[in-house]
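*Asks:* Using the sequences provided together with the hints, build the complete structure.
Residue strings, one per chain:
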Amino acid sequence: MTEKIWEEKGLVVRHNFLELLEHWAIALSGFVLIITGLFQMPLANRYYISSLPGLAWSGDFIISLNVHYAASAIFVAAAFFHVIYHGILGERGMLPQKGDLKTSITVVKSFFGKGEEPPFHKYLPEQRLAYIGMIFIIAMLIISGLVKTYKNIYAPDLSEGIVFLATWVHITFFILFVLAFIGHMAAIILKPNRPMVRAIFTGSVRLDYARHRHPLWVAELEGGRKIPATVEPAVEEISEETVEAETVKTSTEPEMLLQKKADLQEADESEDLYAETQEEDVGGTDKTSD
Amino acid sequence: MKKELLPKISRRSFLKTSAGITAASGLTVLPMAKKAHGATSGGLATLIDLSLCDGCVDWEMPACVSSCKTINKDVIPEPVNPIPQPWPRKTIEDWSKKKDVFNRLTPYNYLYVQKADVETEDGKRTVFIPRRCMHCDNPACATICPFSANHKMKNGAVVIDYDLCFGGAKCRTVCPWAIPQRQSGVGVYLQVLPDFMGNGVMYKCDLCHERLAEGKLPGCVEACPRKALLIGPHREIFALAEERAKQMNGYIYGKTENGGTSTLYVSPVSFDLINKALIKKPGEPDMKPDVQRRMVKTDGPGRIVLASPILGAAAGLIGAFKWFSRGKGGTKGGEKDND
Ligand code: SF4
Ligand code: SF4
Ligand code: SF4
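Quick note, the sequences are listed as chains A and B, same order. Quick note: the first sequence uses this note's numbering, first residue -17, plus one each step. Quick note: the second sequence uses this note's numbering, first residue 15, plus one each step.
Worth flagging that the hints you see were computed from the coordinates, not collected in a lab. Check the hints yourself; a few may be wrong.
Just the calculated beta-carbon pair ranges, DEER-fashion [to be verified]:
hint	chain 1	residue 1	chain 2	residue 2	range
1	A	144	B	206	40 to 48 angstroms
2	A	10	B	311	18 to 26 angstroms
3	A	161	B	328	26 to 34 angstroms
4	A	164	B	114	48 to 56 angstroms
5	B	114	A	31	34 to 42 angstroms
6	B	328	A	30	42 to 50 angstroms
7	A	30	B	303	40 to 48 angstroms
8	B	303	A	164	48 to 56 angstroms
9	A	99	B	106	50 to 58 angstroms
These figures come from a predicted structure and were not determined experimentally. No residue lacks a Cβ here, since even glycine has one placed at the ideal position from N, Cα and C.
*Replies:* In structure tokens, the structure reads:
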């Protein structure tokens, strides 16, 4: 929503500071949740993890539960913030669109050298699909986790059926969450996607990359911001971020319009929501700028 | 396992003190209890009167223990042979060759009678203490179970589902009295990855909840010849415990311990002294007064988690509001005019 072409630096701003913050709040707390979730199993003592230096706490269910709770508070608050804030702003760029499924198959094929990938908008169609999938997984984890937390504190004698369901939903979606995380990591390892990785650290991608791979997006940014009948026209905002001084908001609606015109249905989605990563990956990715 | 002998004496005076209550604590109270809901106030509670229990010293095995053993004798299937060796920590707990042990808690023995030689001001005094799961009000053993195999029922009973338990023994770790006991080589873990996950099944007293559902008394309560064990609606049992403690100028254990339990011990000797006379060993719990509910430390963080949806949503609302007001109030008039 703060997209802007930055000619002098050869960059396109893709995410603003707030979006990066949301992404990393979810990613890092999610990572802690996976680890401390495993410690509830209970495997820390059995596998001598609690014997490792600095990890003695992993075998203490009270401490590891508290770490799990602390990470949950960040995770849940960030997820609610994300949905409410961007929902009210009417940002729909990450939601799947008609034809995404078909287009994403074309794209995946192109990763394996079969055919050309179509020109993209800001997000790849599979990013949009992954986003909605991740939203679903996270929603189930949050709902079941809240039920379990409530039970722990206030209602140990909650109906056995509800507790049982919450527990197994939590376990099932925990597994899906881990798989989705692995898939997310795999996606950024794919060569064509690598230039996008820097965006989740710095907020921007290289302009030449964007022109080449996201021509629909660049065209829209260059074509000015025509705002169709949304609640509110896009408004300018100065982001406080250190790297990108200021950025411009556009609404996602024009993306859709343009796309229809272009007769293309792929848009893409970078979900900021669901990455969990280690910093190293990106360092080397591209040093064109900054 | 038989209790063919009658207990030597029945000190009628004692029975009389507990008077009508003893009668009321019989089957008659059960229908009320069955209607009741809610763990603490509506469920069941038990009273163990240490002034009445004489440890069944003349019996081969205390009547309550014997009854419990008989009722539960077929609960555990025959463990597989050999029992798979867990990896990497190689702990195996196998009681299948020692099923008859009744002087401690084991997977085959959910109730045992502790003997404490207490030094009181008036000299030495021997106290017999039937020990089993306390059926706590907010049992960490149940809430912390990763598979929800252990659950607190509406009637107050804390019950392990032996078909679902993986035997990780988390419940024993968080129980202040380390009540649940493990039998390796049985249970659902054998069907999954026995070498890497799980290690058997945890067993403990289930308050005879199946018998309760049939309108029967728990085996131990029914069997005690001295009516030292009573069961009834939570409120009544608590009132009765207070009354008896007052009468004997005695003490209560289980009311505040571990955050409150559904088992109240009443004793003429202080539990501090009793605890000093006991040595905590595996399967032999102590009686530390006011032992804390360890999960209490997680309640605060848990409440923050419960509040976090509201905090996140509020931040989202405020953020969105600011975004709009900044756009409207901004001097630039919206960037659609400039590019
Ligand atoms: S006494 Fe121990 S096993 Fe029994 S309910 Fe309380 S915490 Fe659980
Ligand atoms: S209530 Fe039942 S299972 Fe529990 S100690 Fe008594 S007889 Fe045994
Ligand atoms: S509780 Fe009753 S049956 Fe059990 S040892 Fe005491 S007197 Fe005997």
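*Asks:* Hints first: check each against the structure and report whether it holds.
*Replies:* Hint check:
1. At about 25 angstroms, the CB distance of residue 144 of chain A to residue 206 of chain B disagrees with the hint of 40 to 48 angstroms.
2. Between residue 10 of chain A and residue 311 of chain B, the C-beta spacing of about 24 angstroms keeps the proposed range 18 to 26 angstroms intact.
3. Between residue 161 of chain A and residue 328 of chain B the beta carbons are some 32 angstroms apart, a value that agrees with the proposed interval 26 to 34 angstroms.
4. Between residue 164 of chain A and residue 114 of chain B the beta carbons are some 51 angstroms apart, a value that agrees with the proposed interval 48 to 56 angstroms.
5. Range check, residue 114 of chain B to residue 31 of chain A: about 38 angstroms between beta-carbon atoms, so the 34 to 42 angstroms window is met.
6. Take residue 328 of chain B and residue 30 of chain A: their Cβ atoms lie about 43 angstroms apart, and the range 42 to 50 angstroms holds.
7. Checked against the hint of 40 to 48 angstroms, the pair residue 30 of chain A and residue 303 of chain B fails, with Cβ atoms roughly 36 angstroms apart.
8. Roughly 51 angstroms separates the CB atoms of residue 303 of chain B and residue 164 of chain A, a value that falls within the hinted 48 to 56 angstroms.
9. Taking 50 to 58 angstroms as the suggested C-beta distance range, the pair residue 99 of chain A and residue 106 of chain B conforms, at roughly 56 angstroms.
Of the hints listed earlier, those the structure fails to meet are numbers 1 and 7, in rising order.
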